[in-house]
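Asks: Sequence:
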Amino acid sequence: MTESDGQSQSVRTVIVAGFVNVAVAAAKVVAGLLSGSAAVLAEAAHSFADTTTEVLLFVALRRGGRRADPGRPFGYGRESYIWALLAAVFTFVSGAGFSITHGVHVIASAKETGNYFVSYAVLVVSFALESVSLLRTVRQVRHRAKRWGISPARVLRRTPNTAIKAVFLEDSAALIGLGMAGAGLGLAQLTGDPVWDGIASVAIGVLLLVVATILARNNLALLVGRSAREPVQDEIRRELSALPYVRGIVELLTLQLGPDDILVVAKIDFADHVRAADIEDVADEARRRLTARNPAIRFVFLNPTGAGS
Numbered sequence: 001m002t003e004s005d006g007q008s009q010s011v012r013t014v015i016v017a018g019f020v021n022v023a024v025a026a027a028k029v030v031a032g033l034l035s036g037s038a039a040v041l042a043e044a045a046h047s048f049a050d051t052t053t054e055v056l057l058f059v060a061l062r063r064g065g066r067r068a069d070p071g072r073p074f075g076y077g078r079e080s081y082i083w084a085l086l087a088a089v090f091t092f093v094s095g096a097g098f099s100i101t102h103g104v105h106v107i108a109s110a111k112e113t114g115n116y117f118v119s120y121a122v123l124v125v126s127f128a129l130e131s132v133s134l135l136r137t138v139r140q141v142r143h144r145a146k147r148w149g150i151s152p153a154r155v156l157r158r159t160p161n162t163a164i165k166a167v168f169l170e171d172s173a174a175l176i177g178l179g180m181a182g183a184g185l186g187l188a189q190l191t192g193d194p195v196w197d198g199i200a201s202v203a204i205g206v207l208l209l210v211v212a213t214i215l216a217r218n219n220l221a222l223l224v225g226r227s228a229r230e231p232v233q234d235e236i237r238r239e240l241s242a243l244p245y246v247r248g249i250v251e252l253l254t255l256q257l258g259p260d261d262i263l264v265v266a267k268i269d270f271a272d273h274v275r276a277a278d279i280e281d282v283a284d285e286a287r288r289r290l291t292a293r294n295p296a297i298r299f300v301f302l303n304p305t306g307a308g309s
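Counting along the sequence shown from 1, when you hit position 230 you're at 230 in UniProt numbering, and nothing is skipped either side.
Keep in mind the hints are simulated off the structure, nothing from the lab. One should not assume that every hint holds.
As the list claims (entries may be wrong) - Label-pair restraints from in silico Cβ distances: (1) Gly179 to Gly248: 47 to 57 Å; (2) Arg72 to Asp281: 25 to 35 Å; (3) Gly225 to Tyr116: 47 to 57 Å; (4) Ala108 to Phe19: 35 to 45 Å; (5) Arg139 to Ile176: 52 to 62 Å; (6) Arg63 to Ala221: 17 to 27 Å; (7) Phe74 to Leu34: 47 to 57 Å; (8) Phe74 to Val104: 45 to 55 Å; (9) Gly149 to Ile249: 14 to 24 Å; (10) Ser172 to Ile15: 13 to 23 Å; (11) Ser172 to Tyr116: 23 to 33 Å; (12) Gly248 to Val125: 57 to 67 Å.
Bear in mind that the values here come from a model prediction, so they are computed numbers and not experimental data. C-beta: ideal position from N, C-alpha, C; glycine also.
Can you build the whole structure from these sequences, using the hints too?
Replies: This is the structure we're talking about:
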């Protein structure tokens, strides 16, 4: 899968998730207003927060994917992490804030819930739609896991593509939140106590806080600067070690410049008899091999040691 293919898949994943969230949010608002359920309204706030997040992630992919220019010789990849961080903060402030405050208000006022059937119907339909969006993301994660020979869980932990991680966590949280809302409604209906509906709303808000915190920490780490994944580094070492005249890799440094941009700096121990012209040929061959093996590797700098004239 090439770099452009990977970005196109991420864009499509974000667009699918965005359309799903818009449809689900509208349905939840109607159901929440008709039933007066705090948990369903909390889920509506959840979906609207997710929709805004998808818009910001789309902007992140577009702006971060711009080509390098003289003013930004290493590209604009880091900008995508700034927009993704703003998306996490928005989820934290809007979705979680509304869910928790509205849930506390319902608990304090003990307001009765109305039409349960409408709420249950919307929750079931929402669960089906969110599952479709999640399955698409899971397929993309599995494809990357197969490419690198690692587990999908490890891909999610270390992927520099914040769009994939954000959509996966948001869709997973959406399914869990729908379960919480259904449980809160069910307990409120069985016991006749609307407090359970308010508790479910607060629980959904706490869930959103957890997701937003995970995404914010991940984007901050990438903004500060993080090395490429271990499988990528191992692949780079193998390719460099296989080059002519190379006796060993003294030091390898990598930096994730963006979701699909990697900087490679390596100190190479060359054979004593190698000539300067041979080193230039090896450096060109290193760039060709690494970029052919992994299109995300955009910049390769080699520092020779132990070379003769």
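Asks: Look at each hint and say if it fits the structure.
Replies: Cross-check of the supplied hints:
1. Checked against the given bound of 47 to 57 Å, the beta carbons of Gly179 and Gly248, roughly 54 Å apart, stay inside it.
2. In this structure the supplied range 25 to 35 Å holds for Arg72 paired with Asp281, their Cβ-Cβ distance being about 30 Å.
3. Taking 47 to 57 Å as the suggested C-beta distance range, the pair Gly225 and Tyr116 conforms, at roughly 51 Å.
4. Ala108 and Phe19 have their C-beta atoms about 36 Å apart, which keeps the hinted 35 to 45 Å range intact.
5. Distance hint for Arg139 and Ile176: a CB-CB separation of about 20 Å, inconsistent with the stated range 52 to 62 Å.
6. For the pair Arg63 and Ala221, the supplied restraint of 17 to 27 Å holds, since their beta-carbon distance comes to about 20 Å.
7. Roughly 53 Å separates the CB atoms of Phe74 and Leu34, a value that falls within the hinted 47 to 57 Å.
8. The hint said 45 to 55 Å for the Cβ distance between Phe74 and Val104, and at roughly 47 Å that hint holds.
9. A C-beta distance of roughly 21 Å is found between Gly149 and Ile249, which places it inside the suggested range of 14 to 24 Å.
10. For the hinted restraint 13 to 23 Å between Ser172 and Ile15, the CB-CB distance of approximately 19 Å keeps it satisfied.
11. Here the CB-CB span from Ser172 to Tyr116 is close to 26 Å, well matched to the stated 23 to 33 Å.
12. For Gly248 and Val125, the Cβ-Cβ distance of about 60 Å falls inside the hinted range of 57 to 67 Å, so the restraint holds.
Checked against the numbered hints above, the structure breaks only hint 5 and satisfies the rest.
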